[in-house]
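Asks: Letter by letter, the chains look like this.
Protein chains: 2
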Amino acid sequence: MKGHKQVYFLTSNKAKFREAMAVAAMSGVRLRMLATRKVEIQSDSLQTIASYAAEEAANRLTVPVVTEDAGLFVDELNGFPGPYSSDVFKRLGIRAILKLMENVVNRKASFHSVVAFSQPPSRPKCFRGTVAGRISLDPRGAGGFGFDPIFIPDEGDGRTFAEMTDEEKNRISHRSSSFRKLSRWLSTLHA
Amino acid sequence: MKGHKQVYFLTSNKAKFREAMAVAAMSGVRLRMLATRKVEIQSDSLQTIASYAAEEAANRLTVPVVTEDAGLFVDELNGFPGPYSSDVFKRLGIRAILKLMENVVNRKASFHSVVAFSQPPSRPKCFRGTVAGRISLDPRGAGGFGFDPIFIPDEGDGRTFAEMTDEEKNRISHRSSSFRKLSRWLSTLHA
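Chains as they are written, first to last, in this note's numbering: chain A, 1 to 191; chain B, 1001 to 1191.
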C-alpha cells in the first residue's frame, strides 16, 4: 500500500460499491470496484467470511483487497437471516421476514457490516459497523437495497432506510461506519 | 485409494455419519469419520459446496476425502432453505418452515444430497441423490434429524422421514442414494 491510497473492493453489488466509495472518498481513499470471483464461506461470523474472502483474493491477485460482509440480524429470529441475508432476500424477499415476525412484539434488529482489508503476508485487518433498529410492520420506501424497506434505525425519525436519501442513510448506516473506520486507518498509514 | 477401500468422511454430524456408514458398508466400503475443519463456501449449488470442501481438505490432509452437502428445497419457497438448511434449522427450527408454508397449497419439496470424493490431483467426483416429497402440515415423528419430521417422501405410505426406522429411511433417502452411488463406484475401482 505504500505510496498509494487506491484499494480494490471485491464486490459485484453496484449499490454496495457506491455506498462504500462515497464514504471512503471523504477520507481521500479511492476505492476501485473489482468484480471477480469471491470465495464466500459459510460461517456464523461476518468477520470470518470477510477475512477469508479478502485473503483468498489478495493471495490470488497479488493486490491489496477489501471485502465486506453484512447482514440483518433479527433478535427474535435468533439472528436470522444474518450472514445469509442476501441469499434469503433473493429467495424469499422481504415478505418472508414480515411473515416470520407476524404477532412478534419484540421487533429489535440490527444491521452489521464487517470490512476486511488484506495485504499478505499480514493477517487481514477488520473493521465493524453496527446500526441498531427495529423491523417495521410493512415495507416502506424505494431507496437502498435488500432489507432496507423494513428496517427502521433507532437513530432516526421513524423512517426506514429505504425512505432516506443516500446521504441520510450514509450518515448512520452500518456500512458507512465500517468503511469510515477502514478509510481513516488507511489515511493514517499514508499520513 | 489403490489397494484399500477405506475413505475419510469429513463431517461433525454423527447422525449423518451413521446413515452414510450403514449404506457404504453394504458395498464393502469402510467409511471413517474425520471431524476436522471443513471449509464450506456459500453457493446455490450443493455440488460446488461439497467439491470445494473435499478438495480443500484432501489437499491439506493428503488423504482421499469424502464430503457431503445436503438440503431441503421447497418449491414454493424458491428452493429455500436449500444449501443453508442446517443453519436455518439451527436458527429457526422446523416451525419457521411451517409458518412460511401457512396457507400454501403447493407443498412439493425435495431433499438433495451431493457426495464429493477428492483425491488430488484428480478433480473431485460427485454423486447426487434426490428424494421427492411434500411438506407436512405438522411435525411428526422423533427419528432422523433436521427437517425429517416435516418431510413426507412420495415413495412411502404417508409417514414423515422422522416416523420411519433408520432402515426404512435408508432404503429411500437422498443420502443413501448418493452414498450408494459413491460406494458402487469405489467398489468398481478396486474390483
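Mixed in with the good hints, there may be bad ones.
[Claimed, not checked] Below, in silico cross-link-like pairs of lysine-lysine (PhoX-like), each with a Cα-Cα straight-line distance of 25 Å or less:
| # | chain 1 | residue 1 | chain 2 | residue 2 |
| --- | --- | --- | --- | --- |
| 1 | B | K1125 | A | K125 |
| 2 | A | K181 | A | K14 |
| 3 | B | K1038 | A | K99 |
| 4 | B | K1090 | B | K1038 |
The set of hints was computed from the structure by calculation and includes no laboratory data.
Asks: Would the pair K1038 (chain B) and K99 (chain A) pass a check requiring their Cα atoms to be no farther apart than 25 Å?
Replies: violated (34 Å)
Asks: Would you mind confirming whether the straight-line C-alpha gap from K181 (chain A) to K14 (chain A) stays at or under 25 Å?
Replies: holds (21 Å)
Asks: Would you mind confirming whether the straight-line C-alpha gap from K1090 (chain B) to K1038 (chain B) stays at or under 25 Å?
Replies: Within the cut-off at roughly 18 Å; holds.
Asks: Between K1125 (chain B) and K125 (chain A), is the straight-line Cα distance small enough, at 25 Å or below?
Replies: violated (36 Å)
Comparing the model with each earlier hint shows violations of hints 1 and 3; every other hint is respected.
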